Amino acid sequence: MKRYLELVCPAGTPMALRVAVDAGADSVYCGFRDCTNARNYPGLNFDPDELRAGVAYAHARGCRVFVAVNTFPRAGDLGPWQRAIDAAADAAADAVILADLGTLDYAGRHYPRLRRHLSVQAAAASPLAIRFYAETFGVSRVVLPRVLAVAEVAALIGKTGVEAEVFAFGSLGTMVEGRCYLSSYMTGRSPSCDGVCAPAEQVSYREEGNQLASYLGDVLMNRVDASEGAAYPTPCKGRFLVRGEPRYLFEEPTALNVMPLLAELKAAGVTALKIEGRQRSRAYVGAVVAAFRRSLDALAAGEPLPMETALRGVAEGGRETFGAYQKGWR
Amino acid sequence: MSALTLGPLLFHWPAAQRRDFYARIADEAPVDCVYLGEVVCSKRLAWYEKDLPEIAARLRRAGKQVVFSTPALITETREVKAVAALAALCAAESLIEINDLAAVPLLGGQKFVSGPLINVFNEATRDVLVRLGAVRVNAPIELSKSALATLAAGNPTGETEIFAFGRQPLAISQRCYHARAHDLHKDECLFVCEHDADGLMAAELDGRPLLAINGTQTLSHGYFVLLDEIDELRAAGVSHFRLSPQALDMVAVATLYRAALDHAVGTEEVLARLQEGIAPISVINGYLHGRPGMAWQPRRP
Numbered sequence: 004m005k006r007y008l009e010l011v012c013p014a015g016t017p018m019a020l021r022v023a024v025d026a027g028a029d030s031v032y033c034g035f036r037d038c039t040n041a042r043n044y045p046g047l048n049f050d051p052d053e054l055r056a057g058v059a060y061a062h063a064r065g066c067r068v069f070v071a072v073n074t075f076p077r078a079g080d081l082g083p084w085q086r087a088i089d090a091a092a093d094a095a096a097d098a099v100i101l102a103d104l105g106t107l108d109y110a111g112r113h114y115p116r117l118r119r120h121l122s123v124q125a126a127a128a129s130p131l132a133i134r135f136y137a138e139t140f141g142v143s144r145v146v147l148p149r150v151l152a153v154a155e156v157a158a159l160i161g162k163t164g165v166e167a168e169v170f171a172f173g174s175l176g177t178m179v180e181g182r183c184y185l186s187s188y189m190t191g192r193s194p195s196c197d198g199v200c201a202p203a204e205q206v207s208y209r210e211e212g213n214q215l216a217s218y219l220g221d222v223l224m225n226r227v228d229a230s231e232g233a234a235y236p237t238p239c240k241g242r243f244l245v246r247g248e249p250r251y252l253f254e255e256p257t258a259l260n261v262m263p264l265l266a267e268l269k270a271a272g273v274t275a276l277k278i279e280g281r282q283r284s285r286a287y288v289g290a291v292v293a294a295f296r297r298s299l300d301a302l303a304a305g306e307p308l309p310m311e312t313a314l315r316g317v318a319e320g321g322r323e324t325f326g327a328y329q330k331g332w333r
Numbered sequence: 437m438s439a440l441t442l443g444p445l446l447f448h449w450p451a452a453q454r455r456d457f458y459a460r461i462a463d464e465a466p467v468d469c470v471y472l473g474e475v476v477c478s479k480r481l482a483w484y485e486k487d488l489p490e491i492a493a494r495l496r497r498a499g500k501q502v503v504f505s506t507p508a509l510i511t512e513t514r515e516v517k518a519v520a521a522l523a524a525l526c527a528a529e530s531l532i533e534i535n536d537l538a539a540v541p542l543l544g545g546q547k548f549v550s551g552p553l554i555n556v557f558n559e560a561t562r563d564v565l566v567r568l569g570a571v572r573v574n575a576p577i578e579l580s581k582s583a584l585a586t587l588a589a590g591n592p593t594g595e596t597e598i599f600a601f602g603r604q605p606l607a608i609s610q611r612c613y614h615a616r617a618h619d620l621h622k623d624e625c626l627f628v629c630e631h632d633a634d635g636l637m638a639a640e641l642d643g644r645p646l647l648a649i650n651g652t653q654t655l656s657h658g659y660f661v662l663l664d665e666i667d668e669l670r671a672a673g674v675s676h677f678r679l680s681p682q683a684l685d686m687v688a689v690a691t692l693y694r695a696a697l698d699h700a701v702g703t704e705e706v707l708a709r710l711q712e713g714i715a716p717i718s719v720i721n722g723y724l725h726g727r728p729g730m731a732w733q734p735r736r737p
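These protein sequence lines are chains A and B, in that order.
Per the working numbering, the first sequence starts with residue 4, numbered consecutively.
Per the working numbering, the second sequence starts with residue 437, numbered consecutively.
Honestly, the hints are just simulated from the structure, not real lab data.
A portion of the hints provided could be inaccurate.
Restraint-style ranges between C-beta atoms, simulated for each label pair [what the hints assert, rightly or not]:
1. A:Gly141 <-> B:Gly569: 18 to 26 angstroms
2. A:Asp221 <-> B:Gly702: 51 to 59 angstroms
3. B:Gly499 <-> A:Tyr44: 48 to 56 angstroms
Just so it is clear, the structure is predicted and the values come from calculations on it, not from any experiment.
All C-beta atoms in this analysis are idealised placements derived from N, C-alpha and C, irrespective of residue type, glycine included.
Extracted from the complex, chain B is given alone in its bound form (with noise of 0.2 angstroms):
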């Protein structure tokens, strides 16, 4: 059986809205498992972390496991004192989601989900991360569909995730990009990136839509979608299959994904009711065929 999960939401989402997000979640999205927490920014915490064990507990009441996630780059005071917290606190019943080596020391030995955020790229990279107690790995979106079933196939912990649907994270950086495009600095952003929940647009200059920018994050402007190729990955030992949070109906999403999951209705169908829901934005998929990621494979006929 395969597990959809959703991905930590990656953007800045007013609290309000956030906490009506999960609730919908909880009640109504037929996933498995929710990521909770700061990937991009930990300044944005602050305005939502009180609200986490709340949406913890309904998440859980409502059959999820919940994992918390940890920042793409750990280097800040602030930013080590509250992984090591979120690991003190969760040492008992949740698991944490790395996305930067420098959680491991902070763990205390307990086990972890290697996030998409980790250079998984090889079987060998894997099988460190399990010594260091890694209990799900999370593969890079770049990797194609047979890298993606090299690494899945021989993992011993069983499970694999890979990114199924959303914009792709392509890279982090300290810059804040946001502030930047509003003439402002990092360090007094007056947290633009509020106004853009899902992204900045960053178009080439003839106007075709290239990127979405979320703070320190770059994204692909297209949505990535994942779906022919699900029944091979899952042969291949792909257990767990990622959504990440996008400005759409994601009940919706999810809806169709586990649909897809299940063959209650064919991927041609739930690729168009997607598409449906994302247009005018694109869809992509170049990487699990190797090719430019912003690219779209289409079904083979």
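Same shape as in the complex, but just chain A (with noise of 0.2 angstroms):
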């Protein structure tokens, strides 16, 4: 059957490899245990030979692997980010994902025939900026950041010629990706260069009568009826008093579903479909890489979309948005 559109799963452990891969992914995208990826949440992510291993189970059923190397790595500490390179190359990978400029170039000067992929940590959302990494880096693929309209994906792809990845299911950052320091801000640990936004370590839950409160660090990022369940306190989702009045002020927690997009996202000119979720359990990995095989293969089949009332229950938040796909939501 012909393919509609790449769908490019989360595997966040060797186990989680194996769900998406027998669900039906076109692809994976994993990263190895250290700061050198944009997961880095303990009991997650690869060693190299576990990669090795995940790469020959994909290999085998025609499924491709890519390997997230997406972080910024500090300055005096380039190793673990060229060795994560070599070790991907080593391991067969299909393509590596960059973010940094000098990981885009130690992998094309050191290997020139592995695919490179840009990292949404790259935020790369214009035209300029998407040529400027392809002609600069060789860049054959970018995923693109989760704040264009889907007539902005449109005017994008046709004046780059890049193959684009677009993000389709779960949770959803507002700020610009790899520019954001609310959670070192808050934490002293960074998306950007430790892989991780409000780390675990530092959330806590407080019971405060009726209401439970929840912190990132020291910080009071929300309190909510102890009967609601807090939300887990990312920073860009927190509740914060805004002109004498507690507000949402960025994001309130919603995931993004662009199920209903798919064939305005194909027109386009999209390439892949990225499902978020590295560190999310291995039944909603095999839930959402599922239900969004049915609904490619009925688009590729001309045949009308299922209905898949499955993934709501797995949305952060119970709640689903077209997110900034959808005009208005800037």
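Dock the two chains into a complex; use the hints.
Below, the structure written as structure tokens:
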């Protein structure tokens, strides 16, 4: 069957990789167990041997493996990032997903035949930026930031000639990725350099009467009725006092779901859909990948989209949004 | 000799206030270089663009280097055109500061300053930018003192600039939080950001100030202050120290920093006088010491 859109799925662990491959992923993405990737959470990720085994499992089933080395090395400590690229190439990964200019430069010079994808952490949101990365570093695919409307995605693809991968499902940050320091401002650890936003060891929940308060470091992020249950205290999902009123200043806790927009994204020239969530459970990965597989197969066959209700239960905050794809988000 | 720079005015001040501010900077502030232009929201530029040539000329007559700063995000056609026009205009006499890598192809090969919103976290990235034409490289605010020192030490251009004073830019978005806080949409924002010359406070639910909102930008609420670390960073090769304009007496701030750089006044006294001007807002410097950015690490006795 002809592929409608490539389905790129999260593999936070070797088990999740198998689940995603078995559920119908066209490609999976993963990272090493350290600060070189943007999901550096305890209990996640791969060592080089696990990656080799994962690549073998995926390749045997016609699925590709991308390795995210998409954080920014701090000055004086380039070694882990260079070793991660070496190990990805050694494991016969199909591509590396990169953001840092120095890391892109290293990969291009040492492994010119290893495909380089531009991570969303590089936040290339314009034809100029994308062409800059393509011409300077030979990037063959860009993961577009979650800040563009569908019409903008289409215009951008028309002007670059670089494959575009867009976010289809999962959590939705509102800041330009790779350029947000809110987490390190509050905790000292950042998505950019440490690969972690709102690290779990700095998250706490406290019961205050019938209310539940959530903290990141010593910053009060929200206070809700205990019966509601508090969302994870990611800085851009917090509730703050602004002009005297408590507000979800940046974004309410919701999950992106573009299922109803698949045909529009296809028409816009998108190559691949990315499911977010390497930090999520195997059950999440299995459910989301399978649901998107069914929809993409239906579209490829010219059939109507199946009704998907399975996803609402796994959406962050139990609510879904089209995010910036829909006009009016800004 | 260390240079003191005045970063671009990040907030949306009325045009007249902006003209007066730069007139005073030209006449009285002991800064060596002034960055002009709109970094945060290209919609604002229409309000004061016509004044920039005169402001720049006056600053130059006062012996200051003028660098034109460009937007943190270059996505819309008007932003692309504005940067391209600026590049053509500046080719002969001024440098441009880039804050989005999309600006590089618009420069037509001319030299540039890499701004603090470009992710130059390490020496390999710095070297890529120098190859592309950077003559001065700003470090991101998130780096610690030791990483800053490493970044500065091997810089082949000899010009490394770091953030020394002001609210620290923490994030940029396509979404306007100033408009959102007023239940408005970015496209019909009524320029509500103009009412908050120093940013709009966002506090924790129990009232403790946390952040400052400036249109699409989010900044620290506390003022970052780098003082005790100056000598060590200068010794490592940091050449330029940036003061970010706030709704304060910036001439006084620049004068204090000049005195600190020249060792004319002790850093303890400079800090005390700065705090006097800033109070009740707190000072922060956590990033320098590998701590949360909002923390304050006092001088070790």
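Checked hints:
1. Against the hinted window of 18 to 26 angstroms, the Cβ-Cβ separation of A:Gly141 and B:Gly569 comes to about 20 angstroms, which satisfies the hint.
2. Take A:Asp221 and B:Gly702: their Cβ atoms lie about 32 angstroms apart, and the range 51 to 59 angstroms is violated.
3. For B:Gly499 and A:Tyr44, the Cβ-Cβ distance of about 53 angstroms falls inside the hinted range of 48 to 56 angstroms, so the restraint holds.
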